[in-house]
Amino acid sequence: MKPANTKNGVPVLHSAKEGCKPKKFTPDEVLVPNPSFKENQGTKRKRKALPLKVEGIIEKVKEEKEDKNIQPGSLSIYELERLENIRQNQVFLSSIKLLEAKQDLKPEKTQRGLKRQKLNKVAWTEILPPRKSLRIQKKEAEQLPLPPEPHRIYYEAERIEHARKPEGPISMKPINMEEDSSLPPELLKLWTEDLIKEEKKELGLEEYRSTLKSMELSKSGGVAKVVKSRIFSVAFHPCSSHLLMAAGDKFGGVGLWNLDSDMGDEGVLLFEPHVRPVACMAFSRSHPTDLLTLSYDGTLRSTDVEKAVFDEVYRIKDGLRTFDFLSHDCSTLVTGDWYGDIAIVDRRTPGTSHESLHSLDTKTVRCVHVHPVQKQYIMVAENSIVSIYDARCLKASSSKPVSQLYGHSKSISSAYFSPGTGNRVVTTCLDNNIRIYDTSELTSRAPLLTSIQQNLITGRWLSKLQAVWDPKRDDCFVVGSMQRPRRVQVFHESGQLQHFFQDPEMTTVLSVTAFHPTRNALLGGNASGRLYVFTD
Numbered sequence: 001m002k003p004a005n006t007k008n009g010v011p012v013l014h015s016a017k018e019g020c021k022p023k024k025f026t027p028d029e030v031l032v033p034n035p036s037f038k039e040n041q042g043t044k045r046k047r048k049a050l051p052l053k054v055e056g057i058i059e060k061v062k063e064e065k066e067d068k069n070i071q072p073g074s075l076s077i078y079e080l081e082r083l084e085n086i087r088q089n090q091v092f093l094s095s096i097k098l099l100e101a102k103q104d105l106k107p108e109k110t111q112r113g114l115k116r117q118k119l120n121k122v123a124w125t126e127i128l129p130p131r132k133s134l135r136i137q138k139k140e141a142e143q144l145p146l147p148p149e150p151h152r153i154y155y156e157a158e159r160i161e162h163a164r165k166p167e168g169p170i171s172m173k174p175i176n177m178e179e180d181s182s183l184p185p186e187l188l189k190l191w192t193e194d195l196i197k198e199e200k201k202e203l204g205l206e207e208y209r210s211t212l213k214s215m216e217l218s219k220s221g222g223v224a225k226v227v228k229s230r231i232f233s234v235a236f237h238p239c240s241s242h243l244l245m246a247a248g249d250k251f252g253g254v255g256l257w258n259l260d261s262d263m264g265d266e267g268v269l270l271f272e273p274h275v276r277p278v279a280c281m282a283f284s285r286s287h288p289t290d291l292l293t294l295s296y297d298g299t300l301r302s303t304d305v306e307k308a309v310f311d312e313v314y315r316i317k318d319g320l321r322t323f324d325f326l327s328h329d330c331s332t333l334v335t336g337d338w339y340g341d342i343a344i345v346d347r348r349t350p351g352t353s354h355e356s357l358h359s360l361d362t363k364t365v366r367c368v369h370v371h372p373v374q375k376q377y378i379m380v381a382e383n384s385i386v387s388i389y390d391a392r393c394l395k396a397s398s399s400k401p402v403s404q405l406y407g408h409s410k411s412i413s414s415a416y417f418s419p420g421t422g423n424r425v426v427t428t429c430l431d432n433n434i435r436i437y438d439t440s441e442l443t444s445r446a447p448l449l450t451s452i453q454q455n456l457i458t459g460r461w462l463s464k465l466q467a468v469w470d471p472k473r474d475d476c477f478v479v480g481s482m483q484r485p486r487r488v489q490v491f492h493e494s495g496q497l498q499h500f501f502q503d504p505e506m507t508t509v510l511s512v513t514a515f516h517p518t519r520n521a522l523l524g525g526n527a528s529g530r531l532y533v534f535t536d
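With the numbering used here as the guide, the letters of the sequence shown map in order to residues 1 to 536.
Derived by calculation from the structure, the hints in this document are not laboratory data.
Any given hint might turn out to be false.
[Said to hold, decoys possible] Within a straight-line C-alpha distance of at most 20 Å, the following computed SDA-like cross-link-like pairs (lysine to any residue) qualify:
#	residue 1	residue 2
1	K173	P185
2	K375	Y339
3	K201	T421
4	K410	K464
5	K363	D304
6	K173	D265
7	K464	S451
8	K375	L326
9	K189	D265
10	K213	A521
11	K165	G319
12	K400	I344
13	K228	A163
14	K375	K363
15	K317	D290
16	K201	H492
17	K375	T421
18	K375	S284
19	K464	N433
20	K472	T211
21	K464	A527
22	K213	P517
23	K375	S331
24	K201	A521
25	K375	A282
26	K213	E505
27	K189	F325
28	K189	S331
29	K219	T458
30	K173	K189
31	K189	R285
32	K219	E266
33	K395	K464
34	K395	Y339
35	K410	T458
36	K395	T362
37	K228	A527
38	K363	S399
Produce the entire structure from the sequences given, and follow the hints as far as they go.
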């Protein structure tokens, strides 16, 4: 016997006879025989009484079973009740239209662009012979030479010759369209559109902030995969009637995306004029039909849509890093390479060589930028110093700078003059600081105005963050961010944050950014080849 309960802390015992008293049913419950009871062992047992409401369920299920030619008694009472509960739940869900509401809550497709390539499944079904070690096969081990030292492997890998494109013009054929297909006529029309120069008043900071807040990611397709891999450079076409964007990726691809078009893959056309990263690109300010692209493979090419070719402008062995226009008509260029040299290139001269080559006292040139007003001044981002040179006084080696910008303790990613007057310079350095200098007067040591602390360490797999000016203003610039949630930030030259762009669709770091030269539009590219466009 076991204690059933306690009274005043003392266990109260009950006999087996008292513990087996039958349940008392209420008047609305009737004793009926259990249909699942089986007298298969010759024992006499009292049939369990079931409530009337359970009997109704059983009768209903029995009728359904008879309709389906199922023998009664094959299911237990518990299973019958379970089936009835499932049926009632399904009726309830249908009455509130939950499944239809679930379909309505699915987000609409917002990403456009290149389609994902399907893998060949036949290659995965190939049956290979079982692997066996030499010991099991009773064979002697092969004598293999030791691999070279790690530093030698890296040294030799740096000098692997990449198969470059042939010299001269390259046919402009989109690789994401059918073979022998020509360029869409709408691209040619848009590319050669006459630019209408509208004089706009420069907004005050309050109005500018309001404009930034009105810009958002388009819900109808503000994201598109434009190139196959990591984006290194982006640019806006200067036309204002449509948003035409360009992006260059890690493997030499150049993608064009028209936001309001369905040409190619939902407005995207992809070309391959290079074989290594497209580190820099820009549309000519005097001839917007020219898109110049520069690559690590040592080539600088110009896009001619009317002839449907990529013309070769400049060519060296390898290592080109950056370029900018040296003249107002964009006929003269200045380029920088990984070996610390800058070259002056005149596009009017036949051939693909430079006019002059100048070796600087630095190991590498990461960025070159020309003063927007006084075109003779060239700014060069060197190892940890930014130097401004006079192009008229450059020598073959050991050229002396006109002015220098000090204060950086690590490598400098970029340095740009303000677009209107050139009175300010914004630099991005890997010491996690964005600095603004006063260059209204080119003294030997430009004064530092502001320093903004920012996490600029992107690691190996992301493009370096670079602060770039808004072409419509002389005092505000945009830069990507490593913060979470992901964002793009706009700062004033004083260091004050003006606005930051966020969106649930923006889940990755937008390392490369650019503002439209005339419209309220912002462009950002990530490491998977996608472009994000914020417009008002």
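> Any of the earlier hints contradicted here, and which numbers?
Replying inline: Violated hints (numbers, rising): 2, 5, 14, 15, 27, 28, 29, 33; every other hint is consistent with the structure.
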